[in-house]
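Turn these sequences into a full structure, and let the hints steer you where they fit.
Residue numbers (the UniProt record's numbering): 1 to 205.
Worth flagging that the hints you see were computed from the coordinates, not collected in a lab. This one's a predicted model, so the numbers in the text were calculated from it and none came from an experiment. The C-beta atom is built at its ideal place from N, Cα and C for all residues, glycine as well. There is no bait here: all hints are sound.
Ranges of calculated distance between the beta carbons of each label pair, as one might list FRET restraints:
id, residue 1, residue 2, range
1, Gly153, Thr52, 13 to 23 angstroms
2, Asp84, Pro190, 33 to 43 angstroms
3, Glu103, Asp175, 16 to 26 angstroms
4, Ala107, Pro70, 30 to 40 angstroms
5, Glu144, Phe185, 16 to 26 angstroms
6, Thr73, Asp94, 15 to 25 angstroms
7, Asn59, Pro190, 28 to 38 angstroms
8, Glu189, Glu56, 16 to 26 angstroms
9, Pro64, Gly153, 13 to 23 angstroms
10, Pro152, Ala71, 31 to 41 angstroms
11, Asp100, Val166, 18 to 28 angstroms
12, Val54, Asp84, 15 to 25 angstroms
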Amino acid sequence: MARFFLLVGAILGIGWPVLSGSTALALEVTPEMILGDYRSDPLFGTAAAQETVVIEVENHRVVPARLTLPAQTITRILFQNQSDQTHLMVIAEDLQTLLDDPEFLSAYTDSERKSAAPGHGGHHHGTSSNSADDAAPIVKSPDEHPALSLPPGEQKEVLMRFPPGVNVVYACLLDQHYQTGVMGFINIEPRVEEPIPLSSSPDSP
1 MARFFLLVGA ILGIGWPVLS GSTALALEVT PEMILGDYRS DPLFGTAAAQ ETVVIEVENH
61 RVVPARLTLP AQTITRILFQ NQSDQTHLMV IAEDLQTLLD DPEFLSAYTD SERKSAAPGH
121 GGHHHGTSSN SADDAAPIVK SPDEHPALSL PPGEQKEVLM RFPPGVNVVY ACLLDQHYQT
181 GVMGFINIEP RVEEPIPLSS SPDSP
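Written out as structure tokens, the structure reads:
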């Protein structure tokens with residue numbers, strides 16, 4: 001136990017005074033202190049997901065174009081760009097509200113065009129499947145309308161939790177691709193809880 005506190009002290013820059021005789025001073029240690037921002041690791045998100053959905057993005061359509069998902073369930077949505085165009089996939093309850101917001105459109109479309117320019121490192125919205133450095137806050141809701149930039153041949157993922165009774169759309173807002181068919185719909189149904197089996201009594205025959 002003493003070695004453990006010495007190790008923690010070394011990591012946190014705390015010296016020997018954390019120990020007093022045979023009694024160690026209670027030290028609140030969080031996982032972040034030891035592991036860093038582990039929640040930004042896409043592998044953590046993959047492990048936390050209860051459902052996984054793969055959506056293939058093509059030039060003029062998405063496959064599947066309709067989904068039914070349970071409410072209040074952490075769902076990993078993986079977009080795979082199988083087209084020769086860059087897409088900006090957005091997940092939202094009301095697509096028209098975003099389309100009517102010039103600041104939203106200009107912020108995303110301008111940044112995506114810059115990231116596509118030669119020599120520009122770019123940045124991504126949502127969770128990258130390739131690097132923890134590109135990862136975003138872990139679980140999103142549709143009212144946050146997360147957006148993911150998808151260059152040709154790449155894939156990105158985002159973790160979502162949907163409230164019950166909402167209809168959600170996923171679509172590409174770049175160059176009005178949604179009007180050519182790059183758009184799909186998610187129907188959210190109440191989550192059905194499985195009954196907990198009653199344990200038999202030790203005295204039961």
